[in-house]
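> Given next are the chains, with one letter for each unit.
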Amino acid sequence: MLQQVLHEIEQAQGTWSLTELARKLELEPGVLEGMIAFWVRKGRIAADRVEGQACSSGSCGDCAAGCPFAGAAPRTFRPVLIDPATISKQPEHPAE
Amino acid sequence: MTVSYFPLHARRSTVNYEQRLEEAITQISNVLTMLPEFQQYQPRWLAIQLLEGDADVLQQLQVLPQSGTLLPMLDEIRTRLQAHYGDDLDVVLTDQRYTFVNRLVQQVMTRPAAHALTLSDKIDRVVTHRWLGIPIFLALMWIVFKITSDVAAPLLDWVDGVITGPITSWAVTLLTFAGVSGTWIESLAVDGIIAGVGGVLVFVPVLMSLYFALALLEDSGYMARAAFVMDRLMRTLGLHGKSFLPMIVGFGCTVPAIYATRTLEHEKDRILTGLLVPFMSCSARLPVYILLAAVFFPLYGGIIVFSMYLLGIIVAIVLGFIFKHTVFRGQEQIPFIMELPPYRLPTLKGIWFHMWEKTAAFVRKAWTIIMITSIVVWLLIAIPVGGSGSFADTDIDQSAFAAISGSFAQVFAPLGFGSWQSSGALLTGFVAKEVVVSTMAQIYGVDAEEEEQAEATTFFEDLGTIATSFGSAVFDTVRSIPLIVGINLFEAEEEEEPTALMDSIRNGFEESSGGHGALSALSFLVFVLLYTPCMVATAAARQEFGNRWMWVSVIGQFAVAWLVALIVFQGGVLLGLG
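First to last, the sequence lines map onto chains A and B. Per our numbering, the very first residue in the first sequence carries number 1; after that it's consecutive. Per our numbering, the very first residue in the second sequence carries number 1; after that it's consecutive.
Please keep in mind that the hints were generated in silico from the structure rather than gathered at the bench. Take the hints with a grain of salt, since some may be wrong.
Each pair of labels, with its calculated beta carbon distance range [unchecked claim]:
#, chain 1, residue 1, chain 2, residue 2, range
1, B, ASN547, A, ARG49, 36 to 44 Å
2, A, GLN3, B, GLN39, 30 to 38 Å
3, A, GLN3, B, GLY546, 20 to 28 Å
4, B, GLY571, A, ARG49, 37 to 45 Å
5, A, GLU28, B, SER472, 48 to 56 Å
6, A, GLY43, B, PHE470, 52 to 60 Å
7, B, PHE391, A, ARG49, 50 to 58 Å
8, B, GLY389, A, ARG49, 51 to 59 Å
9, A, GLN3, B, MET535, 48 to 56 Å
10, A, GLY43, B, PRO65, 33 to 41 Å
11, B, ILE487, A, GLN3, 43 to 51 Å
12, A, GLY43, B, VAL108, 51 to 59 Å
13, B, ARG548, A, GLY43, 28 to 36 Å
14, B, MET535, A, GLU28, 47 to 55 Å
Covered, in the sense of this in silico footprint (three residues per stretch, anywhere, with C-beta under 8 Å from a C-beta of chain B), are these stretches of chain A [to be verified]:
#, stretch
15, 5-19
16, 36-49
Partial list, computed: chain B residues near chain A (C-beta under 8 Å) [to be verified]:
#, residue
17, ASN102
18, ARG103
19, THR263
Ideal Cβ positions, reconstructed from N, Cα and C, are used throughout, including at glycine.
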């Protein structure tokens, strides 16, 4: 099942929402999120989010605690293309 | 969905892995059972952790005297199994656990044949629809800008009245008490700081209403859908779908939007998106649109502001399309999954938090960058260049600011605003876009001052006026809400008289454009939308993409802005508009 999720994300044509993918795989969205979180920990899927790091340099006025404008973008997941030979070079803490 | 309940004493289901894995687990468990150091753990659990490569358990094992025989055995088993399964063992084991759970769930749960749609699913079917999604996005943007231009107008007028009236009057009185009335200190305080900073602060209600509308969209979960819908459009045009995520951030501020390009995988996509992001109209440009729309297009403020935002998106998409098929061609698209949060009813507390956070950032900027720039502009206005004036007592046309700004005003002459006033405002706009407005308030305000005669009032009369005018402004704001859907409750009343500053701005544009004031104002707005971003955004571009691309952005955007503004003005004149 995990492999199927990774395969679907790698082979997806265009952009999918998490809900659409969960429906396609006949999974509960919460279960799919758990599976994606596993692949993120494994480094095979990257989770990107625009965080409030934008003004951490202090260059943009006085918002060092985080840019108030950076929160609008949603989280996205994309496959990380890796060389199969590099798999298992580093032990990971499992998701039990 | 129904669930079957098993009595507690029913058969326990245990996770059984494939035979090869079970054999390995048993082999390792048997060895671990003999280790007194691990007696507190279940040997089977420990064996699974070791197969999965749990760093903590491995570390504990390494310090044991038996590790010399245990670790090579473990390595041999792991290598053998990984070769067999062709993947990391933790992936294999977790996958088999998920399969087990899935099978178990299927045994105890009966799902309805058709997947029941949640409310979020039902809304998404419409909102993220392939054809309806973009019109819905545009319609919501339209409502946002109607709120900012129409609903916020009464409060804007109230703040303007307070700053130009009582606050200025109190400052003058205080300075008179201090014995500096009529000196350059009074000019600095009134014509420099109050006119400059106050000229920007009057737009706080407008920005608050923009942040209110954006907070509603963000907290309800719609903003993620907007990104999703626009992403599909971008992808259809061959652009990187994820480019629109930084662009959404760019509606607030260009600086975090430039940093948001880090979420793109490839450098080419990052640079291309970084070049396009500044075309999104940041909230700092909104005061410029509102000011000039109020002067030249008082009945069409919402359309003007909406058009500017839309034009920014169109220019970004067109340029992105051209670049993607020329300079940045050949980058493979990577698929991605977007998390769309369920729709929620926004809370008052959440909306207030967003509004306050962003408005506070704006006000902080007014008291720092904008105030410093206003002082510098005042200083340049105070220094005489030629003529018979002295410091802080010179004709503004003879000032250093007019001389500096006038030296490149001719560049803008074909665009309809070749005056030193306009070029000066654009020049200072490089510091921050709001400064365009504060500079205009300073340089046009000098002329306006001469025309306005204020009646002398007492402090308490001023307080009373502030309170009563606030009440009227709130009442008018409520009455303005139906304007969003085109119902005008103000029709019976007379149109508001333009202020002296507005008259001064109108005359300035009329003069510089040979009588095509409205067209030149539109051309100016287009230029402000598209031209070189502020210095902080430029520094961010340099940090993210290097010097070369920063210059491409600075010069390229200036050229694009000049060209589009030229088309607007000259095209309008040729067609007999304005």
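> Checked against the structure, which of the hints given earlier come out wrong?
1, 3, 11, 12, 18
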